[in-house]
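Asks: Chain by chain, the residues run as shown.
There are 2 protein chains.
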Amino acid sequence: MSETFTAIVVGVGNELLNGRTANTNAQWLCGEVYSLGGKVRLALTVPDDLSEIGEALLLSLKERPNWLIVTGGLGPTYDDMTLAGAAAALGLGLAEDPRAKEMILRKLEEYRAMGRATSMEYTPERAKMASLPRGSTPLSNSAGTAPGVLIKVGETTVVCLPGVPSEMKAIFDEHVAPMMAKGKLKTLTAEAEVKGLPEAALAPLLASLAKKYPVVYVKSHPRGFEGGSRVLVQLTGRGDQGVRDVEAARDELVAALQGLKAEYQITIKQDVR
Amino acid sequence: MSETFTAIVVGVGNELLNGRTANTNAQWLCGEVYSLGGKVRLALTVPDDLSEIGEALLLSLKERPNWLIVTGGLGPTYDDMTLAGAAAALGLGLAEDPRAKEMILRKLEEYRAMGRATSMEYTPERAKMASLPRGSTPLSNSAGTAPGVLIKVGETTVVCLPGVPSEMKAIFDEHVAPMMAKGKLKTLTAEAEVKGLPEAALAPLLASLAKKYPVVYVKSHPRGFEGGSRVLVQLTGRGDQGVRDVEAARDELVAALQGLKAEYQITIKQDVR
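Keeping their order, the protein sequence lines are chains A and B. Letter by letter, the first sequence follows residues 11 to 283 of my numbering. Letter by letter, the second sequence follows residues 11 to 283 of my numbering.
There may be inaccurate statements among the hints.
Below, a list of computed lysine to aspartate or glutamate pairs in the DMTMM-like style, where the Cα atoms sit at most 20 Å apart [said to hold, decoys possible]:
1) B:Lys221 x A:Glu135
2) A:Lys222 x B:Asp59
3) A:Lys205 x B:Glu135
4) B:Lys72 x A:Asp59
5) B:Lys221 x A:Asp89
6) B:Lys222 x A:Asp89
7) B:Lys205 x A:Glu135
8) A:Lys72 x B:Glu65
Derived by calculation from the structure, the hints in this document are not laboratory data. All values derive from a computational prediction rather than experimental measurement.
Please build the complete structure, drawing on both the sequences and the hints.
Replies: Dropping the structure here:
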């Protein structure tokens, strides 16, 4: 399947590894990257641990993705160590960034003006959020205090975002998506809901479609018992060739389902950007 | 924090990397491992791709976890390639396992008896589900057709489970949890819901608790705006020492919150197995 850029997503947080919290950030980011024409090749989740964070970043950079998106660990507490982990792994060192400090002070002013704060001084914990790996760029956070951080490493753009979903999404939408969006592609998905055939009976048909149309992503999802029941078949393509091939593959699927006397219902989802 | 075993969790599936599907299997497995006294050190998600699956397994094995749990890619379709990826990466080769074939045939009989099936022959797609890396052990699946697969690799037990959550959970509960359960530990969590202090103001207090009680997992979760509002503080410990230290840390937290004149509410969750 054609894509215009690749990405790796890293989630940082003990709460993601003890079952307390679902890594909804990863799913959201994967969906955004996909709809912007990119492909997430790998998603990782690591604990709040300096060396594990650093190891995950180095491992990811070795794969040379266009984007490396890290979520979590940017806050004020002792266990927020994403920037320290990145700085150590990249050999960059941490230093107070005046632009980040300015962003944080402006936020504190906002909170003060709203009468929200009990203690709004520029404490060491807040200074920590302005302490960035040398050479990086802060990204303003319209939904919270900690700025996002962008670091260029070779051909990869590393972006560190807060773990709080509303803040992560705000920074992604405002700063990251517009940079990724340059390569947007038309996407077409044809879905067939098939009744009365087990997934295994559809498998040879789908394998031949996948072989004949290599740019089409062919996927089946069983619904209910194998012996039943329903199977959702999805054919997805991107770009001009992908859209044409999805349409051709859909027609062949329909003809084959009619031959098998299967019950089915076809839905087309088009996402043209 | 003390743990009796370590685990790495690998999810396989393109749908997990394009935003279509949340990796709820990873969260569920992390929670189970945690409550059984273990710790997930790393979670990975990779696409339906032979070499990416193999690479993830080798990378995980290098970390020498006690358990490596892989979900997804065990079904009958062309893009279910977890076992082929594992066999290739481990240099084991695939061969039909008579115990796995027997499990699948018994399932087909069951479906037939229930009048569910339209086509229940032992097709090549079903034979694929009985084709296991040499030296592995099939694990019966009470909720579906594809058996789970257990492979011993050095000090690591690799377990491959189906991606369908009901099947994954059935095999885990019946076969894997009892093996892990030998080292169960008592777990105690004290939670404090604190009002009227921003997270940054609590940070020095929590840092000192974490330093004084290294076996206690100290974590704060902001709720709402930083300037507001509420912060959930969690203190978790396992085993006798952990439980005693959580109680001591909770008392210190309460005393400090009283000193800061913060509003708070304490909840204790005990999980003794």
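Asks: For lysine 222 of chain B and aspartate 89 of chain A, compute the direct alpha-carbon distance and say whether it is at most 20 Å.
Replies: 15 Å, holds
Asks: Are lysine 72 of chain A and glutamate 65 of chain B close enough, with their CA atoms no more than 20 Å apart?
Replies: Measuring from Cα to Cα gives roughly 13 Å; hence the hint holds.
Asks: Lysine 221 of chain B and aspartate 89 of chain A were given as a pair; does the straight-line alpha-carbon distance stay at or below 20 Å?
Replies: 11 Å, holds
Asks: Going straight from one Cα to the other, do lysine 72 of chain B and aspartate 59 of chain A come out at no more than 20 Å?
Replies: Distance of about 18 Å is within 20 Å: holds.
Asks: Taking 20 Å as the top limit, are the C-alpha atoms of lysine 221 of chain B and glutamate 135 of chain A close enough?
Replies: 16 Å, holds
Asks: Under the criterion that the straight-line Cα-Cα distance not exceed 20 Å, is the pair lysine 222 of chain A, aspartate 59 of chain B satisfied?
Replies: Distance of about 18 Å is within 20 Å: holds.
Asks: For the pair we were handed, lysine 205 of chain B and glutamate 135 of chain A, check the Cα-Cα distance against 20 Å.
Replies: 19 Å, holds
Asks: Under the criterion that the straight-line Cα-Cα distance not exceed 20 Å, is the pair lysine 205 of chain A, glutamate 135 of chain B satisfied?
Replies: Cα-Cα ~19 Å, so holds.
Checked against the numbered hints above, the structure breaks none of them.
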